[in-house]
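Based on the sequences and whatever the hints tell you, model everything.
Protein chains in written order, with our numbering: chain A, 1 to 242; chain B, 1 to 332; chain C, 1 to 286.
Hints are supplied without guarantee of correctness; some may be wrong.
Claimed, not checked - Restricting the straight-line Cα-Cα distance to at most 16 Å, the calculated cross-link-like pairs of lysine to aspartate or glutamate (EDC-like) are: (1) A/LYS215 with A/ASP22; (2) C/LYS167 with C/ASP187; (3) A/LYS144 with A/GLU173; (4) A/LYS73 with B/GLU195; (5) A/LYS144 with A/ASP94; (6) C/LYS82 with C/ASP187; (7) B/LYS106 with B/ASP234; (8) B/LYS131 with C/ASP187; (9) A/LYS144 with B/GLU192.
Stated by the list, open to error - Per the computed footprint, the stretches of chain B lying under chain A, defined by three or more beta-carbons under 8 Å from a beta-carbon of chain A, are: (10) 179-188; (11) 268-275.
To be verified - On the chain B side, residues computed to face chain C include the following (Cβ under 10 Å): (12) GLY50; (13) PHE58; (14) THR76; (15) TRP102; (16) PRO103; (17) LYS106; (18) PHE112; (19) ILE114; (20) HIS126; (21) MET252; (22) ALA256; (23) PHE260; (24) LEU295; (25) TYR302.
I should point out that these hints are in silico values taken from the structure, not numbers from a laboratory. Since the structure is predicted, the reported quantities are computational estimates derived from the model, not experimental observations. Cβ coordinates follow ideal geometry from the N, Cα and C atoms, glycine included.
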Amino acid sequence: MSVPFLDVRGVTKRFAGLVANDDVSFSVSEGEIVSIIGPNGAGKSTLFACITGFHAPSAGTVTWQGRDITGFKADRVCRLGIARTFQIVQVIGDMTVLENVMTGAFLHAPARTEARRRAEELLVTTGLIDKREFLGTALTIADKKRLEVAMALATRPRLLMLDESMAGLTPVELKQIISLLREVRKRGVTLVIVEHVMEAVMQLSDRVIVLNSGKKLTEGTPREVVADPRVVQAYLGERYRA
Amino acid sequence: MAKRARFVVAAAVVTLLLVLPLLLPGPVPLHIMIMTFNFALLGVGWNIMGGYAGMFSFGQAAFFGIGAYASSWLLTAHGVNPWLGLLVGGVLAAVTAAAIGWPCSKLRGHYFAIASIAFAEIVRIHFNNWKLVGAAEGLTIPMAEPGLLNFQFHGSKAPYYYIALAFLAVGLMVSRWVATSRAGFYFRAIKESHELAMVLGISFVRYRMLATMLAAFLSAAAGTFYAQYILYLDPESVIILPISVQVVLVSMLGGAGTIFGPVVGAAILVPISEITRVELGHRGTGVDMMVYGALIWLISVYQPRGVWGFLSSLGRRKAPAPTAAPAPEARP
Amino acid sequence: MSEQLIQQFINGLLIGCVYALIAIGLTLIWGVMNIVNFAHGDFLMLSMYISFWSYTLWGIDPVLAIPICAVLLFALGLLVYKFAVSKVMNGPMLAQVVVTFGVSIFIANAAVLVWTPDFRLIDKPLLAGTWNFGSVQVSIPKLVASAGSVLVTGALLLFLNRTRTGKAILATEMNRDSALLMGVNTDRVNALSFGIGAGLVGVAGAFLSMYYYIYPQVGGMFGTISFCIVALGGFGSISGAFIAGLLVGLVQTLGGYFFDPAYKYAIVFGLYLVIVWIRPQGLRGW
Numbered sequence: 001m002s003v004p005f006l007d008v009r010g011v012t013k014r015f016a017g018l019v020a021n022d023d024v025s026f027s028v029s030e031g032e033i034v035s036i037i038g039p040n041g042a043g044k045s046t047l048f049a050c051i052t053g054f055h056a057p058s059a060g061t062v063t064w065q066g067r068d069i070t071g072f073k074a075d076r077v078c079r080l081g082i083a084r085t086f087q088i089v090q091v092i093g094d095m096t097v098l099e100n101v102m103t104g105a106f107l108h109a110p111a112r113t114e115a116r117r118r119a120e121e122l123l124v125t126t127g128l129i130d131k132r133e134f135l136g137t138a139l140t141i142a143d144k145k146r147l148e149v150a151m152a153l154a155t156r157p158r159l160l161m162l163d164e165s166m167a168g169l170t171p172v173e174l175k176q177i178i179s180l181l182r183e184v185r186k187r188g189v190t191l192v193i194v195e196h197v198m199e200a201v202m203q204l205s206d207r208v209i210v211l212n213s214g215k216k217l218t219e220g221t222p223r224e225v226v227a228d229p230r231v232v233q234a235y236l237g238e239r240y241r242a
Numbered sequence: 001m002a003k004r005a006r007f008v009v010a011a012a013v014v015t016l017l018l019v020l021p022l023l024l025p026g027p028v029p030l031h032i033m034i035m036t037f038n039f040a041l042l043g044v045g046w047n048i049m050g051g052y053a054g055m056f057s058f059g060q061a062a063f064f065g066i067g068a069y070a071s072s073w074l075l076t077a078h079g080v081n082p083w084l085g086l087l088v089g090g091v092l093a094a095v096t097a098a099a100i101g102w103p104c105s106k107l108r109g110h111y112f113a114i115a116s117i118a119f120a121e122i123v124r125i126h127f128n129n130w131k132l133v134g135a136a137e138g139l140t141i142p143m144a145e146p147g148l149l150n151f152q153f154h155g156s157k158a159p160y161y162y163i164a165l166a167f168l169a170v171g172l173m174v175s176r177w178v179a180t181s182r183a184g185f186y187f188r189a190i191k192e193s194h195e196l197a198m199v200l201g202i203s204f205v206r207y208r209m210l211a212t213m214l215a216a217f218l219s220a221a222a223g224t225f226y227a228q229y230i231l232y233l234d235p236e237s238v239i240i241l242p243i244s245v246q247v248v249l250v251s252m253l254g255g256a257g258t259i260f261g262p263v264v265g266a267a268i269l270v271p272i273s274e275i276t277r278v279e280l281g282h283r284g285t286g287v288d289m290m291v292y293g294a295l296i297w298l299i300s301v302y303q304p305r306g307v308w309g310f311l312s313s314l315g316r317r318k319a320p321a322p323t324a325a326p327a328p329e330a331r332p
Numbered sequence: 001m002s003e004q005l006i007q008q009f010i011n012g013l014l015i016g017c018v019y020a021l022i023a024i025g026l027t028l029i030w031g032v033m034n035i036v037n038f039a040h041g042d043f044l045m046l047s048m049y050i051s052f053w054s055y056t057l058w059g060i061d062p063v064l065a066i067p068i069c070a071v072l073l074f075a076l077g078l079l080v081y082k083f084a085v086s087k088v089m090n091g092p093m094l095a096q097v098v099v100t101f102g103v104s105i106f107i108a109n110a111a112v113l114v115w116t117p118d119f120r121l122i123d124k125p126l127l128a129g130t131w132n133f134g135s136v137q138v139s140i141p142k143l144v145a146s147a148g149s150v151l152v153t154g155a156l157l158l159f160l161n162r163t164r165t166g167k168a169i170l171a172t173e174m175n176r177d178s179a180l181l182m183g184v185n186t187d188r189v190n191a192l193s194f195g196i197g198a199g200l201v202g203v204a205g206a207f208l209s210m211y212y213y214i215y216p217q218v219g220g221m222f223g224t225i226s227f228c229i230v231a232l233g234g235f236g237s238i239s240g241a242f243i244a245g246l247l248v249g250l251v252q253t254l255g256g257y258f259f260d261p262a263y264k265y266a267i268v269f270g271l272y273l274v275i276v277w278i279r280p281q282g283l284r285g286w
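Below is the structure:
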């Protein structure tokens, strides 16, 4: 087997007296869409934070394209090609939509005109081009989430990690973002998503990783996972019992 | 405004500023203009770190003082030309800003404000006791042959007027570069949120330091100008909290985070303060500052975007109309 | 030598207790509404003048002026909250930071105008003189002020932990949103906390007026030091502010003793900068 794209080995994160992640290992291949699911408090966001440089893991390693990036700061992780969004959506409120995306595009396009061109291109892809002059604060939640994806993509990531980008969306909005993420993958960006919305997880994922109480419970294809009685018991409940 | 109209207005303003010294009667109005330009320059500097990058410093007087003292001491003790002193002072201020900015790079909002006050107080106390630079007695700049080279003019204030105007123009160019370049976008991202800045690949420590250093350099340049203009300085006239506060106020009144905001703010505030001082004399001790205090309160409560921010929002294209997209907010 | 050191140590503790009382009012306000009251030092100055004029005009001793100062400053706190602070609570960060700065500048300069910049002193307060233990001297008014500060702090803690209103304040400090959900009227809690914070500094002002010079700028240095104490202790932490207050008092006097008295405040500010560098959240913050 060649070097995995992203490899998480034995990651453990302890906060004072609390183990948020306990010896979690998994890997992601290039071009995959991998979902991480689990009940609230299972440690999904902490795991995200450990990979993207917001927390340094207490133990374990994160390897990115063969390079050990454990404990790298978040901005450095981003420059190496891993972008992320936040569970509580974050955009720059007093910038326009276009300026928000340009801020991301500046990472690889220091010149203003080029950053602007790339940002506009991404606004077309994400369907926000008509709202380019709106201020960040003036957007609906669904548009803010799309904008956040556009900003992340503007940094030209090889891997995009989305933290609950679909929570609280209407069915129509959900459909739109799912097709957007498919389009993103088609352009060669690998996706790791933390998600509660099972419809999206089932439709999008190549592989699903289930966390429970900080530990990895299991992983497999979406079908395998929803058929696993342990997963049903820990998380899914009645709805997905086949 | 159409591009053409804007150009005409700008050309008219510049022409007016250039011929103004010929029109103004007597030295007092000219003095007020000079002080206005100098405070506008301080405000432009503060605005880069405070208005764009969101670091609300209440200690800019420290850098103003460092600039003033550096050139003055080099001149009095070693006969160094003040123009060279200006550069040395600017670099020294920027280096000091980096040295203090790095440990403070995680402080935000009130925390940063308090740290900046503490820092400026240390500088003030130190200069009050530093024998090398005259301690509390300060420094007097010896009279020299008047001329641009010596940065001294005795007959008329007009040369000072043009130099102050030129300094301000340079400051505005720096500010404009910041506003439209990558650095300016990054500053605004950092102001919004450190986390967000980081996921966009921005090293917030590095860019915060850049903003702090630019502000310190411009403040120091204003300091050197002040010293060469007044020809005397002591710690209690340059490194004091009221100056730091006035710098913040100039930016905020005009509109923090806009290029011309500090200029507008200075044009309103400095004349108020200079005129109350002239008109009321000693009876008016503190009246100008009372007006300031009341203004700060009024602006914060009623117009936190400042005069320029308010005006330009009137002129702005009607873009963010929330009625255009009545999409539902997040469902629970 | 060692007796001199003991003397400095005692002086440090004595001023530290008063610092603590000043800072606790400030930290209470910060903890509840995330606002630094930059006018805090000027509140202190006003309280000292109230005490001074009560004494000069009506012969009321500073000890008896304590309740007057507390009540008047409480009222002032409510006014400043209502007309300045409450109006910017949802506004931009810059407005939140500077609004009380405006109040501070206004009060300090109004005091110059009304009372002139002269230094004043209450010449014959009830409490005066010193106790001598060998060559170590303890000033009686300072001792009373410190003991009073400790008592008032204790009373505040009792109030916060034992009464319904106090618990509402603590709940808001911990989590504003949950407090709202539990039916706490947070606007009332804010106003009350601001009033109490101001009232506490009123008490401190009355104590200080027994032995300290009274002039319009007196609040400046006390204010700046109390910001540092609050940040050192951890914003919002009452116990942190108390410990940091004592620490700053000690550092100031011992620093002045071992290095240079002219630098005593600079040493305090330097210590503050070093500590926030290492621990941005302060000693007892989280």
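*So which of the earlier hints does this model not fit?*
Structure breaks hints 7, 8, 11, 14, 23.
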